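Visitor: Single-letter residue listing:
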Amino acid sequence: MASTPSTTTAAPVSDMIDVELRVKRYDPERDKKPHWETFNVQVKAFRSVVLDVLHAAKWHFDGTLTFRRSCAHGVCGSDAMVINGANALACQALVEDYGSVITVEAIRGLPVIKDLVVDMEPFFAQYRSVLPYLINSGDPGYKERPQSAEQRERFDDTTKCILCAACTTSCPVYWGNSQYVGPAAIVNAHRFVFDSRDEAAEQRLDILNQRSGVWKCRTAFNCSEACPRGIKVTQAIEEVKRAILFDRV
Amino acid sequence: MNVHHHSYDAVIVGAGGAGLRAAIETAGKCRTAVITKLYPTRSHTGAAQGGMCAALANVEEDSWEWHLFDTVKGGDYLVDQPAAEIMCREAIDAVIELEHFGLPFNRTPEGQIDQRRFGGHTRNHGEAPVQRACYSADRTGHMILQTLFQQCVARDVNFFNEYQVLDIHFVDDGNGERRVGAVIAYEQATGDLHVFNTKACLFASGGFGKMFKVSSNAHTLTGDGPGLLYRRGIPMQDMEFFQFHPTGIYKLGILLSEAARGEGGILRNDSNERFMERYAPTVKDLAPRDMVARAIQTEILEGRGVGPDKDAVYLDLTHLPPEFIDAKLPDITDFVRTYLGLEPKTDPIPIQPTAHYAMGGIPTNVDGEVVVGPEQKVVRGLYAAGECACVSVHGSNRLGTNSLLDIVVFGKRGGRAMAEFVSRRDVDLPEIPKGIEDDVRSRIEKMKAGSGGEKVVDIRTVLQNEMMDKASVFRSQESLDSVLKTVHELRERWDRISIDDKGEVFNYDLVEALELGYLIDLAEALVVSAAARPESRGAHMRVDHPNRDDVNWMKHTLITREGDGSVSLDYKPVIGGAYEPMERKY
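Protein chains in written order, with this note's numbering: chain R, 5 to 253; chain S, 7 to 592.
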């Protein structure tokens, strides 16, 4: 037992703080072009997140403010957005880390549909293009395929991806070239390329060796910084590049 | 508002674990549309953490009979034993199949699937905790959801993402019985309506835990599937049994997996006492969830809570090796750092019970077919699986990990049965009349035109607060009568909602208002069912009737909503088996 309970309590208190929320808004049914709008809202001082700020604005001031969200604790990947200039999940972004003025806009590189909602289809099409599923033609019978703890560890980092698109839409190459398959798709290829049970590494590496593949990466590291799951995205991309160059896994 | 028409052999509503598993089963067998109001990978299966039990016996001796015994006892004998037997037997194949699909389970030193302890899972009928839960760190649900989605991508499954099913249409099958004819979906991106004419439909749309203030559930878990079926006369079963997970992050309700205790975490009160020793001397912190949640609430009510308002207790991981925490519990410890600003390696974590899982829901048999009435009459073409369904394998209290088992076992069985049904030569595509989308259209138009001034957030907040205070871990006739009155008032207020967004494109203002309607209806079903059961069993604890009454109440509740909005109750017997009810001690 460590410290006594009375000294370690970090109980939320009911104090509220003021936040100025600036949102880049666009409604295709009303607006010709995007515009900024400011909401002055109150949220709890204790560890509120940007999603709480957005909900305060939507629920109490303007129901037309539109954004996706679901789980609200960083596992579903619905609410990636640009917060004070950098990609993050709104439900993980602590207000105290951003200050009393928070600017929010849609992730970049995907078509904006309304406010913070973008068209995710191009992103998922790129994901699907790398054969993101286990390929193994053998018949393992009624037992699990054996895999050592070390083999399992080899691709652990890239199994954490939640397909939120924070990495891909933080990539300057992707902003300029939507044909680039993007970091998230490479991460999901990596997850199978380095899985000892998979037999299709070569097919995936061939896909990623094309013009739209890994060689578009300029190692900006934006993707690694943006990943809300802490995946070392740039490292995964480098490992895929090396696998292509040095023939293998 | 444009209307589009589609025809399919089969429709699956929801794309979490159960829906995706069903879709894998129908792929290549019949033309299937999978309709989901989210993207599939946003589904709340992904938030499940600790594991999925199956008696693989990879780490120590185990058997599916022991798993069955634990499930029946954990469910406080309201479990239908033949169904639970199927689940526990098929669990083993289900885990192996997920591994073959590519699921990255943690491994033993020998390269097999590793297994850990979990609440209520014991060796040899209650002797001691057993290592039965197959897992992938503390993100097992994430891995299941991703793996099943990957397999759907491999099979080119036809998804309708961000389409929200709002109604079902039954037709007469020629013998005076209803069969599924179509579902009507609202396309979020355009506001258009889509009529899916289909031979069969499987609901796998998840739970409705957002009717409670402190909840582990996603914002989107609003019971749309059960809610719309309930409005169309399908009864809901065992709605009074709603699970509160013992360890939600204080105030926020974010889940901290039972795996934390399975791996050695301990619950402590204000004097550092390991209080579960008093409530469950044998398995202590690994008692089933209903008992642990009640123990925590009792500690709090008797003044032994922690925090400024003494309304929490501690989950203590500080004695575990730091590298062990990083390896086995990385995500939940990150949640604690982010949302509480505490370091779980050195700080005990303030927790409280959080609304987690509906044991009740759409009544089905073991093939996922929806069955109505005490006589269990099958509704042709209608299927359900996962949390929205009630088989019943969880009885009055689900054991940890058995939900992940439920979704893969019964998602598969339901999908397979549906594919067989729609392939039968005598099952044709039902003819549906014109204008069956009119009811949904008028609901949407009415909501957009509403000028009563009521706000969704105000009504929802009252609902969540009242349900939490009066219909959660402890209940009484008085508290239930009080909350029922409130729910009825809220339904009247719901009719007077005004929304800001009148547009067609991604109108989540409208969506939230419609979702709140389902929550209110299902809250009423829960409260009425609870008020009518004067006993305490599993998650349903009546302080005014604290004992289990096997003579009168070994039966499932069925609640039906009539056309005029009134509700009626009926009951059907529990299907027993090898295990006779006995006192539930751990």
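Everything labelled a hint here was simulated from the structure, so no lab data went into it.
Computed from a predicted model, the values in this text were never measured in an experiment.
Yeah, the Cβ is synthetic: ideal placement off N, Cα and C, and Gly gets one too.
Careful: at least some of the hints might be erroneous.
Said to hold, decoys possible - Straight line, CA to CA, 27 Å or less: simulated DSSO-like cross-link-like pairs of lysine-lysine: (1) R:K37 - S:K316; (2) S:K316 - R:K48; (3) R:K36 - S:K316.
To be verified - Pulled a few chain S residues facing chain R out of the computed Cβ check, cut under 8 Å: (4) H50; (5) I102; (6) P110; (7) R113; (8) I260; (9) V378; (10) G379; (11) P380.
Stated by the list, open to error - Chain R side only, calculated, beta carbon under 7 Å to chain S, not exhaustive: (12) R26; (13) L138; (14) E148; (15) P150.
Visitor: K36 (chain R) and K316 (chain S) were given as a pair; does the straight-line alpha-carbon distance stay at or below 27 Å?
Guide: violated (54 Å)
Visitor: Would the hint on R113 (chain S) be counted as holding, given a Cβ-Cβ threshold of 8 Å to chain R?
Guide: holds (5 Å)
Visitor: Let's test the interface hint: is any C-beta of chain S closer than 7 Å to that of L138 (chain R)?
Guide: holds (3 Å)
Visitor: Would the stated hint for G379 (chain S) survive a check requiring a Cβ distance to chain R of less than 8 Å?
Guide: violated (35 Å)
Visitor: With 8 Å as the cut and Cβ atoms as the points, is P380 (chain S) at the interface with chain R?
Guide: violated (37 Å)
Visitor: Given E148 (chain R) as an interface hint, is the shortest Cβ-Cβ distance to chain S below 7 Å?
Guide: holds (4 Å)
Visitor: Under the criterion of a CB-CB separation shorter than 7 Å, is P150 (chain R) in contact with chain S as hinted?
Guide: holds (4 Å)
Visitor: Measuring from the C-beta of I260 (chain S) to each C-beta in chain R, is the shortest one below 8 Å?
Guide: The hint holds - I260 (chain S) has a Cβ within 8 Å of chain R, the shortest such distance being about 5 Å.
Visitor: Is the interface hint for I102 (chain S) satisfied, with its Cβ closer than 8 Å to some Cβ of chain R?
Guide: Because about 6 Å separates I102 (chain S) from the closest Cβ in chain R, which is inside the 8 Å limit, the hint holds.
Visitor: Under 7 Å, Cβ to Cβ, is where R26 (chain R) needs to be relative to chain S, so tell me if that hint holds or is violated.
Guide: violated (19 Å)
Visitor: Check whether the Cα positions of K316 (chain S) and K48 (chain R) lie no farther apart than 27 Å.
Guide: holds (20 Å)
Visitor: Please verify whether K37 (chain R) and K316 (chain S) have alpha carbons no more than 27 Å apart.
Guide: violated (52 Å)
Of the hints listed earlier, those the structure fails to meet are numbers 1, 3, 9, 10, 11, 12, in rising order.
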